[in-house]
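Just so you know, the sequences run in chain order A and B. Throughout the first sequence, residue numbering follows numbering that gives the first Met the number 0, covering 0 to 203 in sequence. Throughout the second sequence, residue numbering follows numbering that gives the first Met the number 0, covering 0 to 161 in sequence.
Derived by calculation from the structure, the hints in this document are not laboratory data. A hint or two may mislead.
Claimed, not checked - Okay, derived cross-link-like pairs now, SDA-like style, lysine to any residue, Cα gap no bigger than 20 Å in a straight line:
no., chain 1, residue 1, chain 2, residue 2
1, B, Lys5, A, Met58
2, B, Lys156, A, Ile64
3, A, Lys53, B, Phe98
4, A, Lys53, B, Asp7
5, A, Lys53, B, Lys156
6, A, Lys192, B, Ile54
7, B, Lys152, A, Lys192
8, B, Lys152, A, Ala56
9, B, Lys152, A, Ile64
10, A, Lys167, B, Asp7
11, A, Lys17, A, Thr29
12, A, Lys112, B, Pro36
13, A, Lys53, B, Thr21
14, B, Lys156, A, Lys192
15, B, Lys5, A, Ala57
16, B, Lys156, A, Lys167
17, A, Lys112, B, Thr21
18, B, Lys5, A, Gly60
Stated by the list, open to error - Stretches of chain A that chain B covers, calculated by requiring three or more beta carbons in the stretch to come under 8 Å of a beta carbon on chain B:
no., segment
19, 26-40
20, 95-107
21, 153-161
Glycine is no exception: its CB is placed at the ideal position from the N, C-alpha and C atoms.
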Amino acid sequence: MAKFDLDSVDGVYYDVLKEIGNIGAGNAATALAQMLGTKVDMKVPKVELLDFGKVGAAMGGEEQIMAGVYLAVEGDITGSIMFLLEENSARVLVSRLMGMPFAPDAPFGEMEKSALNEIGNIITGSYLSSLSSLTNLTILATVPDLSIDMAAAILSVPAIEFGAVGDKILLIQTAFSDDVELNGYFILVPDLKSYDTLLTSLGL
Amino acid sequence: MGNVIKVDMADLKLCKSPDSITTLGLGSCVGIAIRDPVTKVGGLAHIMLPDSTQIRNTSNIAKFADTGITELVRIIVAAGGSRSRLVAKIAGGAQMFTFQNQKSEMIRVGERNVEATKAKLRQLRIPVLAEDTGLNYGRTVIFFPETGDFVIKSVGKPQKTI
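Only chain A is shown next, with the shape it has when bound in the complex (with noise of 0.2 Å):
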């Protein structure tokens, strides 16, 4: 069993990322579209391993506000996972969800981050159990909690857990869209050991 070091993912490693996160993000969009009661669609995922520094650039700008979910995985693999969307998307599956006009300026009340924290529950709850199934381990999500905030600011946690092992950063890239492109990204941050897990269950 090869000992995973994340600054040297390449080939193989690379492809199975990526497949994961193809699978994952795909499953995603199916629970998105049950719960907008719409068809989605989704582009093929962008994978990448980016340095600390370019992350929030990747995502428009730093200081991009973004509203990011954030929630901690347990079971047979540990760490956690973050899904993020651009102000603009949020407020946009907001008002898809709670069928109500769409108010680009107004800022979020409790009833709006409720939503999104449920969005972003639903999303990542649908990515684990993709993950989950393909893999044959067991993986339990905590609950989620919300921030809307600067891209860099709220990328500072998991690229803090990132950084305790390394200078870069997993960085899935999924665009949704029915009528609108919708920007989403997610960031998958098991813990060294877990990667092992992870990639030994799939036989690598």
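Place chain B on chain A using the hints.
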């Protein structure tokens, strides 16, 4: 008006008046601004983790409060700052997410970053003149070695200078 120098996450840089230096969207990380008020030489560090001795991979010294502050002081002194005149201001160390249980060590990392930063500055006898730390929101900071002003911007809050 000088240039604005940008510091990334896990990064540190030197800045001399009339230039200013910024780092965008500090979350649980801490921004440490240090200057010599006489020669107006200063710098800014954006640290992510409290303690390099707890971590195996420590190749990037700007990532940790202990090694990052030591390095920032070294480059400021090398550029003409007086070691005994140095003063600091700090910002960041927010707790962006709350959990009831689980992983409390990682979640409290903002608070631990602030504690480690102050401990290191105390050890180096560099006074902390002002701070804007903790709570649950991100901060963009700009430091002016000319005046020592440390400007802090957050989403939905008025800009402040400490």
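Here's how the hints hold up against the structure:
no., hint, verdict
1, Lys5(B) / Met58(A), "holds, 18 Å"
2, Lys156(B) / Ile64(A), "holds, 14 Å"
3, Lys53(A) / Phe98(B), "violated, 28 Å"
4, Lys53(A) / Asp7(B), "holds, 8 Å"
5, Lys53(A) / Lys156(B), "violated, 26 Å"
6, Lys192(A) / Ile54(B), "holds, 15 Å"
7, Lys152(B) / Lys192(A), "violated, 38 Å"
8, Lys152(B) / Ala56(A), "holds, 19 Å"
9, Lys152(B) / Ile64(A), "holds, 13 Å"
10, Lys167(A) / Asp7(B), "holds, 13 Å"
11, Lys17(A) / Thr29(A), "holds, 18 Å"
12, Lys112(A) / Pro36(B), "violated, 45 Å"
13, Lys53(A) / Thr21(B), "holds, 16 Å"
14, Lys156(B) / Lys192(A), "violated, 41 Å"
15, Lys5(B) / Ala57(A), "holds, 17 Å"
16, Lys156(B) / Lys167(A), "violated, 31 Å"
17, Lys112(A) / Thr21(B), "violated, 30 Å"
18, Lys5(B) / Gly60(A), "holds, 13 Å"
19, 26-40, "violated (count 0)"
20, 95-107, "violated (count 1)"
21, 153-161, "holds (count 7)"
The structure is inconsistent with the numbered hints 3, 5, 7, 12, 14, 16, 17, 19, 20, although it conforms to all the rest.
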